[in-house]
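Protein chains in written order, with my numbering: chain A, 1 to 270; chain B, 1 to 124.
Take these hints with a grain of salt, some might be off.
Just so you have them, the derived chain A footprint on chain B, three or more residues with Cβ under 8 Å [claimed, not checked]:
{"id": "1", "stretch": "54 to 68"}
{"id": "2", "stretch": "71 to 77"}
{"id": "3", "stretch": "112 to 120"}
From the derived model, a few chain B residues whose C-beta atoms are all more than 12 Å from chain A [unchecked claim]:
{"id": "4", "residue": "MET1"}
{"id": "5", "residue": "SER10"}
{"id": "6", "residue": "GLY16"}
{"id": "7", "residue": "PHE23"}
{"id": "8", "residue": "TYR24"}
{"id": "9", "residue": "MET26"}
{"id": "10", "residue": "LYS28"}
{"id": "11", "residue": "SER49"}
{"id": "12", "residue": "ILE50"}
{"id": "13", "residue": "SER82"}
{"id": "14", "residue": "ILE85"}
Here are the simulated lysine-lysine pairs, BS3-like style, with alpha carbons at most 27 Å apart [claimed, not checked]:
{"id": "15", "chain 1": "A", "residue 1": "LYS212", "chain 2": "B", "residue 2": "LYS81"}
{"id": "16", "chain 1": "A", "residue 1": "LYS186", "chain 2": "B", "residue 2": "LYS89"}
{"id": "17", "chain 1": "A", "residue 1": "LYS47", "chain 2": "B", "residue 2": "LYS81"}
{"id": "18", "chain 1": "A", "residue 1": "LYS45", "chain 2": "A", "residue 2": "LYS98"}
{"id": "19", "chain 1": "B", "residue 1": "LYS89", "chain 2": "A", "residue 2": "LYS45"}
{"id": "20", "chain 1": "A", "residue 1": "LYS182", "chain 2": "B", "residue 2": "LYS109"}
{"id": "21", "chain 1": "A", "residue 1": "LYS90", "chain 2": "A", "residue 2": "LYS212"}
{"id": "22", "chain 1": "A", "residue 1": "LYS98", "chain 2": "A", "residue 2": "LYS63"}
{"id": "23", "chain 1": "A", "residue 1": "LYS240", "chain 2": "A", "residue 2": "LYS63"}
{"id": "24", "chain 1": "B", "residue 1": "LYS89", "chain 2": "A", "residue 2": "LYS212"}
{"id": "25", "chain 1": "A", "residue 1": "LYS109", "chain 2": "A", "residue 2": "LYS251"}
{"id": "26", "chain 1": "A", "residue 1": "LYS45", "chain 2": "B", "residue 2": "LYS109"}
Just so you know, the hints here were simulated from the structure itself, not pulled from any lab data.
The beta-carbon is built from N, C-alpha and C at its ideal position, and this holds for glycine as well.
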Amino acid sequence: MSVNRRQFLKRAGALTALGLGGSFVLTGIRGKIADAASQTPSYQKQKQGLVAKHWAMVVDMSKFKTEEDIERVIQSCDTIHNIPDFGNKKDEIKWIWKDDFEHTFTESKNEYLTENFKELPFMIMCNHCENPPCVKACPTGATFKRADDGIVMMDYHRCIGCRFCMGACPFGARSFNYRDPKPHIKTINPDFPTRTIGVVEKCTFCVERLEKGLKPACVEASKGGLIFGDLDDTNSEVRKIISSKFTIRRKSELGTQPSVYYLVGGEESV
Amino acid sequence: MHKGGRIIASLIIFVGLFTIPFFYNMGKANAGPEIDAQQLANFQSIEPSINMVANHPQLFNQWRNQFVQNGQTVYVNSEGKSIDISLEKLAGDSSNQFCVSCHNYTAVKPTCWDCHSGPEGARK
């Protein structure tokens, strides 16, 4: 049997079409089977975690009377976050600390302030600003504002230690690890990572506790002196305090919109 | 062969000298890590759809970014199993040598344990 050119081309064409079409069908079926057998991996949040649109804190100054009240709060943070104590001011790492009125509210200072006010120790921490200047300064995205709850977070893995954020923060809320912190931590909490030499660190509003459904450690230890909640929720305690009483924020004239409010003289109105 | 005996003898001596290091280290250098089969199976079951031994660094990098950047702290694997993202939980207690034995053998020194608490001997 001889095949002429026309017949040969026809048959070859038909075979090619069959082969290509068949392979498409096969891969299609295989894909279907694979999809049925497994799902694509995904990520979720913890179910018991606390959620909010805008976490904020109120510092009720009337609740901080003694040195002990303040030390207890600072200690609660230092121990769970593996904060080192280098024993000198220069290398100090601080997440939450205290300072006097003059240094906390530099713009409101005046020489005729009452003695009582001058000596009041104020609790200070990262303000978790709405317009955080540290985030703008960071060249690697190691510090960023979480879109869902407004917390200004640090990713230590990405920090290159340039300290631009420390220069940008008007509140001095960031500390740099000039030395290896590990040998200077009294007892290491194994559930929380330490930091290494060459990274910046700061308060994170205890994101690791929020996701477990717990309030920040300092709030728990303050016995009501620190009030934590969702500023976007009109029924939250923080929102009620801020909208009904007179509160001040640190350096609000800079426009960073801090999320930490100070209730000064709350005693009389309560 | 002219002076064949001497040539062959010196060749044998030469080959013997040349291969001393191989015989000396025989069986030593290649002694692989002792890995518990059950632990390896557990490790693979974290994500059955990929080869965990080869690809776990990439997966853990993804975990890290999701955890820190997006606050997504639970991983749901291809079989629908939820896993808490935590290096501490994954590596087990400090006596657990699963990670360390393999990393030491392959001379891989991940920086994870510079900060995260980990098994004994993980930090060099």
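Consistency of the hints with the structure:
1. Coverage of the stretch 54 to 68 of chain B by chain A holds [criterion: at least 3 residues with CB-CB distance below 8 Å; count 3].
2. Counting residues of the stretch 71 to 77 of chain B whose beta carbon lies closer than 8 Å to any beta carbon of chain A gives 7, which meets the minimum of three for the stated coverage.
3. Against chain A, the stretch 112 to 120 of chain B contributes 4 residues with a C-beta closer than 8 Å to a partner C-beta. That satisfies the three-residue criterion, and the hint holds.
4. For B:MET1, the condition that its CB be more than 12 Å from all CB atoms of chain A holds, with the nearest at approximately 64 Å.
5. Against the 12 Å criterion, B:SER10 stays outside the reach of chain A, whose nearest CB is about 58 Å from its own CB.
6. The non-interface label for B:GLY16 is consistent with chain A: the shortest C-beta to C-beta separation is roughly 51 Å, beyond 12 Å.
7. With a closest Cβ-Cβ approach of about 44 Å to chain A, B:PHE23 is found to remain outside the 12 Å limit, as its non-interface label requires.
8. No beta-carbon of chain A is positioned within 12 Å of the beta-carbon of B:TYR24; the least distance is around 40 Å.
9. B:MET26, annotated as away from the interface, keeps every beta carbon of chain A farther than 12 Å; the closest lies near 41 Å.
10. No beta-carbon of chain A comes within 12 Å of the beta-carbon of B:LYS28; the shortest separation is about 34 Å.
11. Under the 12 Å C-beta cut-off, the non-interface status given to B:SER49 relative to chain A is violated; the minimum distance is some 6 Å.
12. At the 12 Å boundary, the C-beta of B:ILE50 falls inside the reach of chain A, the nearest C-beta of that chain being 9 Å off.
13. Its closest Cβ contact with chain A, about 7 Å, brings B:SER82 to no more than 12 Å, contrary to its assignment away from the interface.
14. Not every CB of chain A lies more than 12 Å from the CB of B:ILE85, the least distance being 8 Å, so the non-interface label is violated.
15. About 19 Å separates the Cα atoms of A:LYS212 and B:LYS81, which keeps this hinted pair within 27 Å; it holds.
16. A C-alpha spacing of about 23 Å is found between A:LYS186 and B:LYS89, which places the hinted pair at or below 27 Å, so the restraint holds.
17. Taking the CA atoms of A:LYS47 and B:LYS81, the gap is about 15 Å. The hint holds against a cut of 27 Å.
18. This hinted pair does not check out: A:LYS45 and A:LYS98 have alpha carbons roughly 34 Å apart, beyond 27 Å.
19. A threshold of 27 Å between alpha carbons decides the hint, and for B:LYS89 with A:LYS45 the separation of about 17 Å falls inside it, so the pair holds.
20. For the proposed pair A:LYS182 and B:LYS109, the alpha carbon gap of about 19 Å is at most 27 Å, so the pair holds.
21. Our distance criterion of 27 Å between C-alpha atoms is broken by A:LYS90 and A:LYS212, whose separation comes to about 34 Å.
22. This hinted pair checks out: A:LYS98 and A:LYS63 have alpha carbons roughly 14 Å apart, not beyond 27 Å.
23. A distance of roughly 18 Å separates the Cα atoms of A:LYS240 and A:LYS63; the hinted pair therefore holds under the 27 Å criterion.
24. Pair hint B:LYS89 plus A:LYS212 holds up; C-alpha atoms about 15 Å apart against a cutoff of 27 Å.
25. For the given pair, A:LYS109 sits about 12 Å from A:LYS251 by alpha-carbon distance, which is consistent with the 27 Å threshold.
26. Taken as a hint, the A:LYS45 and B:LYS109 pair is broken in the structure, with Cα atoms around 30 Å apart against an allowance of 27 Å.
Consistency with the previously given hints fails for numbers 11, 12, 13, 14, 18, 21, 26, ordered from lowest to highest.
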